[in-house]
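Chain residues, written in single-letter form:
Protein chains: 2
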Amino acid sequence: MEFQLNRNHANPLLQLSDQLQERIRSGSLPAGAKLPPVRDLATNLGLTRLTVHNAYSELQAGGWVEAYVGRGTFVAQRTQPALQSLHLPARSHADTSTPWISQGMLADMMRLSQDPNLISFAQAGPAAETFPVRDLGRAIQHALRDPAALGYGPTQGELPLREAVATWLLDRNVVTSPDNVLITTGAQQGVALVLRAFVRQGDVVLVEEPTYLGFIEQATSLGVRLIGIPMDEQGMRIDALRHVLREYKPRLLYTVPTYHNPTGICLAPERQLALLQLAREHNLTILEDDVYGPLAYDGTPPLPLKSRDTAGRVIHLGSFSKILTPGLRLGYLVAQEEQLGPLLAAKRSADLHCSPLLQRALADYLGRGQLAGHLRSVRELYRERRDAMKKALQRSCPRDVEWTTPTGGLCFWLALPPGINGADVYSEAIERGVGVTLGSVFFPQPPRSAYIRLCFAAQTPAAIERGIGILGDLLTDHLRRRDQLAARACRETEPLM
Amino acid sequence: MEFQLNRNHANPLLQLSDQLQERIRSGSLPAGAKLPPVRDLATNLGLTRLTVHNAYSELQAGGWVEAYVGRGTFVAQRTQPALQSLHLPARSHADTSTPWISQGMLADMMRLSQDPNLISFAQAGPAAETFPVRDLGRAIQHALRDPAALGYGPTQGELPLREAVATWLLDRNVVTSPDNVLITTGAQQGVALVLRAFVRQGDVVLVEEPTYLGFIEQATSLGVRLIGIPMDEQGMRIDALRHVLREYKPRLLYTVPTYHNPTGICLAPERQLALLQLAREHNLTILEDDVYGPLAYDGTPPLPLKSRDTAGRVIHLGSFSKILTPGLRLGYLVAQEEQLGPLLAAKRSADLHCSPLLQRALADYLGRGQLAGHLRSVRELYRERRDAMKKALQRSCPRDVEWTTPTGGLCFWLALPPGINGADVYSEAIERGVGVTLGSVFFPQPPRSAYIRLCFAAQTPAAIERGIGILGDLLTDHLRRRDQLAARACRETEPLM
Chain A
13 MEFQLNRNHA NPLLQLSDQL QERIRSGSLP AGAKLPPVRD LATNLGLTRL
63 TVHNAYSELQ AGGWVEAYVG RGTFVAQRTQ PALQSLHLPA RSHADTSTPW
113 ISQGMLADMM RLSQDPNLIS FAQAGPAAET FPVRDLGRAI QHALRDPAAL
163 GYGPTQGELP LREAVATWLL DRNVVTSPDN VLITTGAQQG VALVLRAFVR
213 QGDVVLVEEP TYLGFIEQAT SLGVRLIGIP MDEQGMRIDA LRHVLREYKP
263 RLLYTVPTYH NPTGICLAPE RQLALLQLAR EHNLTILEDD VYGPLAYDGT
313 PPLPLKSRDT AGRVIHLGSF SKILTPGLRL GYLVAQEEQL GPLLAAKRSA
363 DLHCSPLLQR ALADYLGRGQ LAGHLRSVRE LYRERRDAMK KALQRSCPRD
413 VEWTTPTGGL CFWLALPPGI NGADVYSEAI ERGVGVTLGS VFFPQPPRSA
463 YIRLCFAAQT PAAIERGIGI LGDLLTDHLR RRDQLAARAC RETEPLM
Chain B
13 MEFQLNRNHA NPLLQLSDQL QERIRSGSLP AGAKLPPVRD LATNLGLTRL
63 TVHNAYSELQ AGGWVEAYVG RGTFVAQRTQ PALQSLHLPA RSHADTSTPW
113 ISQGMLADMM RLSQDPNLIS FAQAGPAAET FPVRDLGRAI QHALRDPAAL
163 GYGPTQGELP LREAVATWLL DRNVVTSPDN VLITTGAQQG VALVLRAFVR
213 QGDVVLVEEP TYLGFIEQAT SLGVRLIGIP MDEQGMRIDA LRHVLREYKP
263 RLLYTVPTYH NPTGICLAPE RQLALLQLAR EHNLTILEDD VYGPLAYDGT
313 PPLPLKSRDT AGRVIHLGSF SKILTPGLRL GYLVAQEEQL GPLLAAKRSA
363 DLHCSPLLQR ALADYLGRGQ LAGHLRSVRE LYRERRDAMK KALQRSCPRD
413 VEWTTPTGGL CFWLALPPGI NGADVYSEAI ERGVGVTLGS VFFPQPPRSA
463 YIRLCFAAQT PAAIERGIGI LGDLLTDHLR RRDQLAARAC RETEPLM
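Sequence order for the protein chains is A and B.
If you read the first sequence in my numbering, its first letter stands for residue 13, the second for the next number, and so on.
If you read the second sequence in my numbering, its first letter stands for residue 13, the second for the next number, and so on.
Isolated chain A, as found in the complex (with noise of 0.2 Å):
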């Protein structure tokens, strides 16, 4: 591969980035074709290795190509070009994902964090062990005596189990009716539910920045304009999302307002407030992610805004997958009887409707008041791993990372200090025999730092203790390095300026 890179133009990265990238849009290095290994085109092209990491970077960053751990750099099978704006980027109905994290990336990610030999601390899941496995066994028997069990149902779901929903919500402070409650394959189908029934192409939906990353890759594949409210320690700016409101006329606002996802925060009730005043001002329907709701380790977790939603402004939306467990699919949403008409026909589009097996054993289970005890031992055990990871965190973590301890849910968010590549942490903790989700993620619009999410709730204290320990080191390094690195990028480049 020949490059003609100018010796006397300032900056060699870009140089070499730029005709990268030029070969790739061309055709003339072809999507799936491997980069050559950054140590060779080094020495080729007399750069240094860390310029070339960080043009591969860059590429990487713009979605041109995908890096995959011990195999090496390669062109991206759907090439996109780098964001146009920050707030308001232009995205093409092909794009699936967060333009900056490439596909294999996100695929990798699912794969390792459910290698048994890593320590993973990468996927927002309940721990195996509590699953009521004999509880849920007798249900699924007893449901099966009734053959229909296994024939087809109504798409809005088993009258019985969205019967249990609606009596489970009054924990929650929601009232409604199971005409109300349409029951869907996890959170995960609630989300590409509503995006499908209310959202159009080219549509401004506003989002927590960051947010989940599922509905992030929903929104994107539907060319929905995502636009990212930014967070404080009470949860979404008020401040910012009025000032948002006033440029533009979104059609949804999603949000995580309790245990938010990646971040832990919840939305100070003064905010919640706020946040239903602007929504019946501007006429904006909400979608309140609630899935960690109830996993509450200080007290009573806050109310939803649901339970003070007087001018039915938000649809609400669970999942027994955080709670229960992950490997019935069953989720639901509460929406109003308008919102249902479109509802419905997203949910029969998209798979006609759930296992009726699978509803009517949950129902069976939640009808006999065994949920409540579940979620008292899981509550117990989540806090004990949570304050374990605290405690480790503040053992082996460098005090340049900032982190903040959540009083629910099943993550902690880390904010890497300036100059640390989060994607180099993701791969090297991973060499190490520990997993993280790379917080870059988690981000509509790309971040101006790093981050790692860590979620606690599925490894033993013991193995969290060990796994923080070794990432504690690994971050440890990583800033040693970053202070090496940049004195020698310094003194290396000189020559060519």
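Misleading hints may appear alongside valid ones.
Same chains, same names: a pair is fine if it fits in one copy or spans any two.
[Said to hold, decoys possible] Calculated cross-link-like contacts (lysine to aspartate or glutamate; reagent style DMTMM-like; alpha-carbon spacing at most 20 Å): (1) LYS46 to GLU349; (2) LYS46 to GLU350; (3) LYS402 to GLU414; (4) LYS403 to GLU440; (5) LYS403 to ASP30; (6) LYS261 to GLU443; (7) LYS261 to GLU293; (8) LYS402 to GLU245; (9) LYS402 to GLU34; (10) LYS402 to GLU440; (11) LYS402 to ASP495; (12) LYS403 to GLU477; (13) LYS403 to ASP158; (14) LYS403 to ASP191.
Hints listed in this document are in silico derivations from the structure and should not be mistaken for laboratory results.
The structure presented is a predicted model; accordingly, all values stated were derived computationally and were not measured.
On the provided structure of chain A, position chain B as indicated by the hints.
Using the frame of chain A, we list chain B on its own:
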């Protein structure tokens, strides 16, 4: 409600229909508003009831209003203009169904097909008494021995099930690897994923005319331009396909080549080869829906297109809903390696993955080789029911109604004689206790004739005989009424001309 009808105008029906449309368009008749009963409006306007009835029917056909048996006629929630052109209807992204069949009627049909008080021939589903409840129950208990069955799982599906599907497909002469299998929430999700992964708003997609309703719904909601290829008794007409391929660059062709839904027709072997040849020439991707393939009653079933697909043009779609039980909500796609990336992204975005518990249980059931024996017994049962429906139709159905006997699958397809309103037959059949499916829902463009679809699998021979007897009487009544009403309409509209 006041109307200005010009008595000198040739067509009071058109005047009334136009003025109603105008009021709906302008919002003076809002969505949900009830239209006056036919009798009242006829009296007020000095028109015949038939004229008002026909004006309402025309509005209904255009998607302006929705009629509910026994409740009346209401302005539709999402009104949309009638189609612009026969071949390339301009559809908005907001359309979620065939525009000439209202959402209300579809929902109605779904609900009624599950009404236990009906002899329902509406749903193309298996008989509940065939469900291997005990075997599946045992397989589920077996799967529950590993709590991971209740956890998150891989997006592509559990490996043991993908292996079992690859093995099972050998029976259909399809040779594939588990790596090429993606597990879906039934065939409906398979359709949805392929469309989401490969088709964009405004793309042209080809289908048989008629075709599976779920495909039309999904494609229309994505803003796809559907072109129907007419069929004859040997399946899709290749001459018509050739003609269309000269005019358009379709993204995809969706076909049910074996025991086609709704007609029961099989694509002739020489046409299979011609279709594959055309796909190669035009770089066309074929989505082959084989959900009825194994349900053969007269000898061995035709082999699927995929078994002859040497050029990798065919994505193969299957499901366990028709041949085993719909309640597991499990189907599969077989795709080329390069197609899997976008399909997996679509699956993750839709609902992450299917229930590992149900997947593992089905893998266990398939691994024991239990499906072959099950299929032998259901084929025998459905053959009896097919024969019972054939005999009953021969006995009770008026000669003017055309139908053929399917050699496999689950449905008879009846072409009603000219002048018979399918929607009326549908509604009145329900009133008399028989559920059928209105044929027009299966058409991507408004059909010229009326059809009804009758599924035989879920009813006993005795119920089939009774139900078809009632339907035969109803059709006979309609034919008589058609002739009487036509004569009366001529007489009564004379004074206005």
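Which earlier hints can't be squared with this structure? Per hint list: 4, 5, 6, 9, 10, 11, 13, 14 violated.
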